[in-house]
Structures are given as C-alpha cells and as structure tokens.
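Use the sequences and the hints to build the structure in full.
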Amino acid sequence: MFSWDLLANAVVAGLLLGGFYAAVSLGISLIFGLLDIANIAQPAFLILGSYAAYVMNEAYGLDPILTGILFTPVFYLLGALVYRVYYGSFERRGEESLRGLVFFFGVLFIIEVSLSLKYGVDYRLVQTGYTGKSIEFGGVGIAFRYLVPCVVGVAMTIALYLFLGRTFYGRAIMAVSQDQGALRLMGADPVQIKTIAFGIGIAAASLSGALLISIAPVIPSTDRDYIGRMFAITVLGGMGSIGGTLVAAVILGVVESLMSTFFGPSWSLAVSFGILLAALAVRPAGLFGR
Amino acid sequence: MNRPRALIGIVVATLVLIAAVGLIPVARAADPIRIGLGMALTGGLSANGKPALLAMQIWKDEINKKGGLLGRPVELIYYDDQTNPATVPGIYTKLLDVDKVDLVVSGYGTNLIAPLMPIAIERKLTVIGVFGLANNEKYKYPNYFQISPTGPDPATSTATGFFELAAKQTPKPQTVAIVGADAEYPQTALVGAREIIKHHGFKTVYDKTYPPSTVDYTPIVRAIKATNPDILFVASYPPDSVGMLRAAHEVGLQPKIMGGGMVGLQFTTIMNSMGSKLNGIVNYDYWVPEKTMMFPGIAEFFKEYQPRATKEGVDTLGYYLPPYAYAAMQILGDAVTTTKGLDQQKIADHIRSHEFSTIVGKVKFGKNGEWAKGRTLMVQYQKVQDGNIEQFRQPGKKPVLYPEELKSGNIIYPYSAALK
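Just so you know, the sequences run in chain order L and Y.
Numbering of the first sequence is given in this note's numbering, commencing with residue 1 and proceeding in unit increments.
Numbering of the second sequence is given in this note's numbering, commencing with residue 1 and proceeding in unit increments.
Simulated from the structure, these hints should not be mistaken for laboratory data.
Keep in mind it's a predicted model, so treat the numbers as computed, not measured.
Simulated crosslink set (DSSO-like; lysine-lysine; CA at most 30 Å straight-line):
1. Lys208/Y - Lys133/L
2. Lys133/L - Lys420/Y
3. Lys311/Y - Lys118/L
4. Lys303/Y - Lys118/L
5. Lys124/Y - Lys340/Y
As structure tokens, this is what we get:
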C-alpha cells in the first residue's frame, strides 16, 4: 500500500499533530519539568479550558482560540491559587512528594465531577469556521482543524522559550528550578517565582484546552486520555526543556501518524511509548535534558 | 387444670404469638419495593448512563403515581459505577446485603454488565441488562434478559442490515473496508461484519483497528482512501465516530456507502454539532421519530423525558437509550404485577414465556435472553442542516431503511449523492 503521497501526507499529519501535542504538554513541561511538581491535575485544567471555550462558543459564538486567550488571566489566577494551597499545605512542610500527589489527584477529580454536575456528561464539541476545511499542496492535504492548533502550539512554545530565556521573571523561574537556596540568597522569593510559573503552566491549559475541543469532542473524563501523553512528552523531551517538549511532541506525532498509515493504527501508541523507553535507555535525562 | 390458670396460659401464649409475628419481617403495604442498580453516572459511558437512569426514574415516578407495584411504592437505589467494571461487584453486594433490594437491573453497557453476571448466577437473580452486547453468550444463564433489540445473534446485528442494504444497490458494490476501535463493542461488531462480508461475497481491502485514545484520524482515513473501497463499515465509540467523520470530509473519502456501527451519531449534542456532515451516513439506530416507530406510549414518554433531560443536562432528545431503559422497567414491573410477588424465579419464568407491550413495541425474549427477533434499524441521515436541533424531532431526517417492515424512506445512493 506504500506510496510517496501517503508517506508525505502521514509525515505532514504527524507534524501537525505534534504541534498540538506540544501545546497540550507545555504546561506540564513547565510545572513538572522545571518546578518538579507532579501536577497530575494538569489534564483536568486542559478540559476546563475546553469547557470554557465551549461555553463561550455556545453563548456568544466566540472562536475557541480567542476564548482560550481571553481566559488565560483567569487560569493564571486559578493556577496561582492552587499552588498557594499546595505550598501552604504540603510543600512548606516538606510533605510534597506523596501527599502532594494525592492533593493533585483530588483537584483532578473535583474538576471532573464539577464539570459533570454543571454541564452534564454529554460530548461537547465546537464547530469553527475552519472545521472541515483543508487545503492541498501537491497531493498533500492539510486540515485546518490541525493546522491552526499546530501553529498556535508552536507559537506558544516559542513564546514560552523566549519568556524563560529573555525576561527577568523567566530567568528567575529557570533559577528556581536549578537552586532555590541560591535564589533566596540573592534576595528573591522562590515561592513567589514558583507561584508565577505554576500560574503560567495552568494558563497554558486554557489555550491548549480550547485547541483540544476544536479538534475532538470532549467529556469531563477526557482528561484521562492525555495524562500519559503529556508526561511522556515532557520526559522524552527532557525535564524542563521547552524546545525538547516540541521536538518530543513532533516525534510522537509523526510516529503515531506513520504507524496509523502503514502498519495499522493499533500499533501507534505502543510504538510511540516504545520509542520513549528506548530513548530513556540511551539518554536517561531525555533528549534535551539537563 | 383450673380455669384461671388455663386462661392465663391462653393469654400468655397469645401474647407470645403476637410478639413473634411482630418480629418476622413481613412486608407491609407501606414498605417500598426496592430496585437496585449501579449506573455509569461519571466516566466514559456516563453520557448514556445518566439518561438511562432518568428514564428509569420517570418509570418509577409514574408507577408510584398509579399506586406502585403490588400496592407498595417503588424505590430506586442506585450507585455510580464510574464506568469502572471493578466497582460493580461491590455495588451489587451492597445493594443485596446492606440495602436489601428486592430486584436488580444492570447498569449501562457491556463492560459493566459483564462483572454482574457471576453475581446474578450465584444468587439466582433475575437481571434485565441495559444495552449489553452478547454478555450471556458464554454463561447461557436463563434468568438474564437484555433490552437492546440486537436479537439472537448480537455480534452480527449491526452488520446484517448494513451489508444487506449495500448488497441491494445497483451496481452492486464489490470491495469493503472495515475499521473499528480496540474495545469490546467495536471488536465484536467487526467479528460480525467479517462473517457477513463472507456471506455476501464482498472483497475486503482494509481491515484494521485503532486505539480508542487516538487523536488524529486523518492518517487512518487516508490509508482507507488509498484502498478505494466501495463500502466502509465503521465500528466506533463517540469520539472516534466524530473523528472519523470529520477526517473523511477533510480527506474527501467518499465510498459508495459508509457507516454501520458508529456509536454517538445518535446523541443529541453530536447530531447538533455535526449537522450537515452527517448527510449520507447509513448507520444503526434503535429509535427514530418516524411514523413506523410510533408505538403506544412513546410520545407520552418523550413529553415527560425531554424537559427533565434539558433541566438535568443529559441527552435532550433521548432517542437512543432512554426508551429502552424505560421499557426494561416496564417489563420488570409487568412481571412483578402478574406473578403477584417478588420471587426471582417466577419473575424470570414469566419474562421468558411472555410477550410484553412496551413503549418500544412488542418485546419477546429468546435465545440467551436476547430479543427473539432482532430489530436493529439502519437509518440514513438525509438533508440534515447545520445548527438546528429541532429538525431531529421531525420525521424525514433519519428515515428507516431496514428492516423492511419498519421502512419509512429510501436510501440515497451513492454516498456522494447524499452530500449534494
């Protein structure tokens, strides 16, 4: 069944999917990769972002991506609040490892159940002007439904990369991930910096959740499908490496797409995670890990 | 024996007898009849579990308004099984041993009915299953009954009508692609499809499965398109049904007939969101508002169900599962009333040997507790417009093409013609 057309289409579809995966994983890359906080509730915030996009689309006809951008301050504040509770209850007492994990499990279930109670459990999806449209370049079809999330995902990655490398607060976040004690000696407050970083990580979920619902239907428990992928991409890319997250996401996307096209879609996830294991065996810190 | 002592003896004996009778747990007229169940109120199947529970509650409310069963009110005791089969044994043990329910019904779906089967067999319970696919195939437990109209051979129930319709078209399609999720229902449906394909002599050009958590369906659809099939049979759950359909439109996949076993396209929110993209799809269904499907009581049921569903945020139209969940309770209630008691065996014997008039029509159970004669419909989405939920309340948008006795419209063939 091999043809160059199919191969080119599979690679392009994989690249687009990778861009979306990057958008979905950026928040966890920041929170888990840089701050070492196992925020298992990140996918629930992602779905919260999807529902925000759905509600605004139903009520005012707003484009999901616009909603995603508009809601980032709200999600930032929510993230900052969650981190403060987590810090006050666990991290300050040095009990963050196991009890913190349980805390985030709790947050995940609270978000899931709250969404179920408020919006029911029907599948929700959003139709945009570009859903269902595609363009073709020399036999390679590009669906806007994936192109737009990919472009937004890459833009988010570049923005976060520049923020972390070029701004005062970004560098402070990098510093807090490397040596909190040293940062404190310089007169900065690590808790304040971590609050900002956590808030940004959750704010990213607002936008990536909006991307998700423009691709596929969502119910409150859809978050569980993304836990594995998010953490796998973060670990494969290298803990704390934003560029690595994009590369890992693209690798997973392209592998999934190639497997789906040529060898049967059943193998796609197994092979993707096989690559993760192989990569970690060779480079335990991930592809671009510190 | 002197008379005063004999009198005292009689009085004491009477008092002891009265006290003893008082200790025996005899059901009084006011004691409710308890019906227990676990139901998917959260998790993956909750989009169907909640409407099913609502339908059962409507039945309970109506029967209580009429004075209950056997002159006793009916109470539903339910727990959320979280769409997690591991919770089912615990839920039913609690229902039976702690809540002391009189009767049980199953939760929604094959995976949640499977763990109930050993408990039902061990405790000799009568169970009506709510939309389980071939759960009793292995056990052949005589007191299990299943309410979805898949018929005596559930595995082939979706494929039979779909491929029969395909085989009748001129020119007859030759090649077929089949695809489905790696999950219980799609796998069973695909096994059935392969059997029917062989029967009709079609040539299979694509036969693959995909993981249920797949995000992008375009590579799969593109691979199918490369094989250029005349027929595409899809066995999918709601997210993949939407994913496959959107990808088919983006890639321009247009076999001559497409659909079959796509779960989710019957749900209100999905029908409303997908709109005109549904046109041409030939898919299974269980109830549609066509003239041939207007059984006694169904209109009244929807009059009660739809406002309550809107209020509770569950499937607003509720055509897929709720009427059948209600019918399951109708059958159970009928059996209790007719047998004048709560004896599990008598109830089962009655259900097995009688035909019931329900809001989904006449129901008679046969082999393995499935409907004696299958009645899985094949409908085609026709002239569906975007963003108009009201259109689905009227006949004509999903005419019944199969079976012949319920037919209410003609197929638009090939698929591309229905897109115009």
